[in-house]
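Chain residues, written in single-letter form:
There are 2 protein chains.
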Amino acid sequence: MLIGELSKKTGLSKDTIRFYEKIGLIVASDRCAGTRLYKEYSSETIERLLMINQGKRLGFTLNEMKQLLDEWSGGTIPKQEQIKIIERKIEEITEKTQQLNTIETYLVNKLNKLNEEVIP
Amino acid sequence: MLIGELSKKTGLSKDTIRFYEKIGLIVASDRCAGTRLYKEYSSETIERLLMINQGKRLGFTLNEMKQLLDEWSGGTIPKQEQIKIIERKIEEITEKTQQLNTIETYLVNKLNKLNEEVIP
DNA sequence: GTAAACTATGGAGTATACTCCACAGTCAAA
DNA sequence: TTTGACTGTGGAGTATACTCCATAGTTTAC
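Protein sequence lines, in the order shown, are assigned to chains U and F.
Letter by letter, the first sequence follows residues 1 to 120 of our numbering.
Letter by letter, the second sequence follows residues 1 to 120 of our numbering.
In short, the hints are calculated from the structure, not lab data.
Some hints could be false.
Pairs involving identical chains hold if they fit within one copy or between any two copies, as the list cannot separate such chains.
For lysine-lysine, the following DSBU-like pairs were computed, each having C-alpha atoms within a straight-line distance of at most 30 Å [as the list claims (entries may be wrong)]:
(1) LYS66 x LYS84
(2) LYS9 x LYS56
(3) LYS84 x LYS39
(4) LYS79 x LYS39
(5) LYS84 x LYS14
(6) LYS113 x LYS79
These numbers come from a predicted model, not from an experiment.
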């Protein structure tokens, strides 16, 4: 698929997608178009972009997501190392979840207090 | 307390703390020091900075944290609005938690597969 | 066949969040 | 009393993550 379609399917701008390709976060193959080349994206790229976006909203940087997704698709890294990296990532996520729970508890308490004050 | 102490207690650099003060994320009172003024920070500022940092790692921007913490310390905003803002924040956090869980599930599955491959 | 809508490239510009530096005054200990 | 660690201000610089623009070739619908 071309960049316009990918953009619509992921909700990311064409510029963002081109930027991600430039920094090697996603890949594209070339497709002839007259004297020039258009970029052809696979449907897996949709999933990849959605995961990147999700990770970003959870406070991961693009570099962290790149690393994680590269482990994901395996490749050259030894399995023992992959395991370590994924274990570390799981720890990070557990930590983040706990922090979110702490904040949620704070917020729910605050909300209850406010509700009591408004409707006594 | 002065900035050095606050820096040590929060793990944030002095520059970062000064930057946060500049953009109104935290406040300080003035304390005379000869012809000049030193900044005096209250112990609540520690808590505030820790929450800001926690929020940041969870993907909230400084502006979002400012808004949230401003609601938190109440003030001029009507309670009905405070309630709405906090409810929205709780929703956001629930969403983030769900996304983290999704990613964690992916990662745990991947980890199990890898472990099976390494120790068959 | 031509206008509208798409594509690529290169480079400049923006927002966020710092980080570093130079310079200068302050304070506590030796 | 002086040295070293602290404090402040102003401003420049950096990293990350885009966003916009000009230019120019391509495709599609009419």
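| request: Indicate which option fits the pair LYS84, LYS14 if close means a Cα-Cα distance not exceeding 30 Å: within, between, both or neither. | output: neither (35 Å within a copy, 34 Å between copies)
| query | 30 Å Cα cut-off: does LYS66 pair with LYS84 within a copy, between copies, both or neither? | reply | Answer is within; shortest intra-copy Cα gap is 16 Å, inter-copy 36 Å.
| said: Reference check for the pair LYS79 and LYS39, CA-CA at most 30 Å: within, between, both, or neither? | reply: Neither way: LYS79 and LYS39 sit 32 Å apart in one copy and 52 Å across, limit 30 Å.
| query | Under a CA distance limit of 30 Å, which applies to LYS84 and LYS39: within one copy, between copies, both, or neither? | reply | Cα proximity of LYS84 and LYS39: none, with 35 Å in one copy and 44 Å across.
| For the identical chains here, do LYS9 and LYS56 meet the 30 Å Cα criterion within one copy, between copies, both, or neither? | both (18 Å within a copy, 28 Å between copies)
| query | For LYS113 vs LYS79, is the C-alpha pair at or below 30 Å within one copy, between two copies, both, or neither? | reply | Between copies only: 10 Å across, 51 Å inside.
Checked against the numbered hints given earlier, this structure breaks hints 3, 4, 5; the rest are met.
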